[in-house]
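Peer 1: Each chain, letter by letter, is given below.
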Amino acid sequence: MNERGRVGMICLIVAESSLFAVFVVAYLFYIGKSLNGPYPKDVLELPIFNTVCLLSSSITIAVALRALRTGAARRSGVWLLVTIVLGAVFLAGTAREWYRLIVGHGLTIGTNLFGTTFYSLVGLHASHVIVGLAILSLLCVFAFSGTLRKHPERAEIASWYWHFVDGVWIVVFTVVYLVGR
Amino acid sequence: MSVLSDTMASRRGAGAHRPLLAVLHEWVVTVDHKRLGIMYVVSGLVFLVVAGLEASAIRLQLAWSGLHIVPPGTFNQLFTMHGTTMVFLVGIPIVFGFGNYLVPLMIGARDLAFPRLNAFGFWIFLFGGLLLHFSFLGGEGLYGGGAAPAIGWFAYAPLTERAFTPGNATDYWNLALLVAGVGTVATAVNMITTILTMRGPGMTLGRMPVFVWEIATISWLTLIILPPLTAAQIMLLLDRFLGAHFFDTQAGASAVMWQHFFWFFGHPEVYILMLPGFGFASEIIPVFSRKVLFGYATLVAASAGIGLVGMSTWAHHMFVVGMGSTLNAAFAASTMLVAVPTGVKIFNWLGTMYGGKIRFGTPMLFCCAFLFQFLCAGLTGIMLAVAPFNWQLTDSYFVVAHFHFVLIGALVFTIFGAIYYWFPKVTGRMLSERLGRWHFWLFVIGFNITFLTMHVPGMLGMPRRIYTYPADRSWEIWNLVVTLGLPLQMVGILIFVINIVISLRRGAPAGDDPWDAWTLEWATTSPPPAYNFDVVPVVSSRRPLWDLKHPDDPDGPHE
Amino acid sequence: MLIRLMLRLACRLLLLATTVTIFTTSPATAGDNGAVQTPSIFAPASTPAFAIRELALIVLGITGVIFLVVAGLTVYALMRFRRRRDDDGREPPQVYGSPQIELAWTVVPILIVVVLFLVTARYIFAIEGRPQSPEALEVTIVGHQWWWEIRYPKLRIVTANELHVPVSDPAHPTPTFITLQSADVIHSFWIPQLAGKMDVIPNKTNRIWIDPQTPGGYVGQCAEYCGLQHAGMLLIVAVQSKEDFAKWAAQQQAPARNDAEVQAGRELFSSLSCINCHAVRGTKANGVFGPDLTHLMSRRTIGAGMIQNTPGNIRSWIDDPASLKPGALMPAMKLSRDDLDKVTAYLLALR
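Residue numbers (the numbering used here), protein chains in the order written: chain A, -6 to 174; chain B, -17 to 541; chain C, 4 to 354.
A hint or two may mislead.
Claimed, not checked - Derived CB-CB ranges, DEER-like: (1) B:G306 / C:S301: 35 to 41 Å; (2) B:G493 / A:W153: 44 to 50 Å; (3) C:S136 / B:G120: 52 to 58 Å.
To be clear, the hints were calculated from the coordinates, so they are not data collected in a lab. Ideal placement from N, C-alpha and C gives every residue a C-beta, glycine not left out.
Hey, can you work out the whole structure from these sequences and the hints?
Peer 2: Next up, the structure:
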């Protein structure tokens, strides 16, 4: 049974990677091709805090899983909660950044090629964070209710999705904030 | 017992007649891979008829120059819907439908890994198909052809941008396929997981039937190459609804980028369609030649090779885009390279028939025609791989002839063969051989009249997707002959449908193993019970039933 | 079963015969009298098309041999190994494979592919890499929905839909280099007898060259689906002797005629929205969305090759273009009969 879940999740991650790869390719191809501003170097600031939050959430979910495997369902629930909070902080940070860009700099998805590729790539990632948070919330509820203790492997499979989302962020961060700026 | 055998038992006068509503309900809520497989194939065949009617209208309009059978706008919708329907709503569901039905049976499993995901995949595909066809009713309604898309099945940008195609037609195309694509990815996940984790006792990867290997190959291909289409469609959605500029050339974007993304999907997609056809041939030809498949390992390796190399050939659809000589040469090279594993398979089948005792039942007739027609298709493919020759032939009727040779001449023919071959297993009844022969002969003659001839106007300079053509280019006679092949094909299909309907009620009982075959699906009843096998057989070779029938000379030591 | 195989082979031979016929017969060209002009890719008149035909014959030769060998083997296998009526029902010897045979039938195709690729690459670079010579005529063609804008930058000529080029002497070539651009969606420029096609893409500039060696008329049309009237975007190439071309160019360079009889029509034309889209050199009409009309009557067709350029058709076109070419982007001008007559008379004077 676990085997199926694992293989299935790997397949899903392969497909999602392919999806993201195309948006990354579009982003890279359109670097420097906007006909008008604002341009990345004018408006982008490195989202260090956000990144730290998101990447540490990978650590916290690993801690949660370890707790679960030793049977400490409540403790794993707490660590899952921490993971969710970190993910939510990341989303809030993204929202704040978008507000600054849209209202402060007038950069929307329709402004230029930079706007188009930026919002779509970061937005695609953010939508996956939202789905991930939904999954984590479910896990959290089941952890506290005690059901999850009987199926720690399912939590592991779900955590792979979350690690994938974090991994994608590393790529997005590099492409958008380092290479593209 | 499955619903089918229940219904048939009741028809044989066993008594209790089950109410129609109860039967329908069972089918709608089913998660059984066999019923979902049947539903996929039946839906695909229905869409085949719809798209065939669209093709008929196209051919009537083009039978001579200057005809007014349909207005230009409607013609453009017809070829768009015809191509889109055939690729996404006929080819994909039928091959994955067969995969659905056969894979668990062939590997000794009781169902797919994720039965509910399987059902989800089917219903979302059906929803997408219906959404696409709803476009005929949207907009101005039926008489004006509605808002059916008229952008070509590959929907090149920037024609698809709002500036050039206002209204919702493009959105129907976009959303319907986006949604159906999700279902295809789900099915691919299901297939891979099943094949990797649910094989029966003794069923190593190296003992699986070739058809299962083909399904495995197309599944991992799907995971990699379908999301790029989804991505491009999301980009198009963003362009059309949120004012993004992914393909807006006036904002500095690249129109060619859509083509790269689309064909990165589009080319492997045709391998996804074709490989299961090879799988059908690899099951039917050995059984009807009474010989084991020649060179199992190389054939399987060739499939993997096609999948891999096939992902590097996409821009041979773009030789005239102006990519530059280096890229043109590179893609010519990879395209020619992929022809090697593809062509080698023909030799495997020839080697299988060689030294055999060939029985020409209907499934084998279709596979024989497939061999010749696929050879033709592959060779015209080589011609198209030669980039400078491609500069003349691309976007002309030569290409249309080529890909119809692949998709009908090879794929549809093997699908027909597969239906005649496995219909007995699915329903417990044989299809009529006599009607089958009528179907075959009418269709093969009609097909060749149409599509062999079609190469000629292409070489005489006739481009694709034109609703009419000038009278002074001597294209008329060729177009007329092309159209004349149509009635034969239509009657052939009609006979096929009649065969199915009649045989469902009055076909000869099939028994477990009517063809004296060797793979696991023939080791259970026809139709199989819901749980597939009473006891899952233990296998020790690629042909478990051969071992049972020939205990003195099992396959194991030879493999 | 023999019948089946014979039928199939008959089909193939029919195709072969047809194809051979196409190669060896050269179609009529130069249709001043409206003779049939078959734009066959096997009736080339210009170096790129000659080169492609050469390559095509090589490829057809190779694939032809492969077809005969493989189809022959298949026919043989099907006939020789069919089950006989007096069959004893025993299974034939099971042969599982043969590493040597399988290696051979992999290596041989790879070798064929390598040879084919090397030949192909040579032609790719030779055709695409041809440098532009100083004697070359330069033309810029802009694809529109659904007509062709044709400019000769150095000659200061602007026309539409009919491309005139001087004939090229193989000993001293005077090719024409064409720059291709698009004003809206993707089109494709294809004159089969002169060269392979090249796409016309917005925000991208493509180049193609031709050097037609026989005077006459050559036809082609747009080869990339571009919307409603994709079928109505025909191309006419008139290859003329150097003297004739010079005469044509001089006539095209002249500003528009200013005949007194059509004064009323000209004034009406200039006051209507016509001038928003069309240009007539020497007047204040300098629109760029529609074809240049300065020498409209020097062209044989209107509507991008779809309609004969006759007074009646000009009149119908101005009145309602969609009646002649459904979907044409020019709106119906909704002129009164009198105004329509005047404007028509004016346009008919633009020789």
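Peer 1: Could you run down the list of hints and mark each one as holding or not?
Peer 2: Evaluation of the provided hints:
Checking the proposed 35 to 41 Å range against G306 (chain B) and S301 (chain C) shows it holds: the Cβ atoms sit about 37 Å from each other. Between G493 (chain B) and W153 (chain A) the Cβ separation comes to about 47 Å, which falls inside the hinted range of 44 to 50 Å. Remark: the range hint 52 to 58 Å for S136 (chain C) to G120 (chain B) is upheld by a beta-carbon distance near 55 Å.
In this structure, every one of the numbered hints holds.
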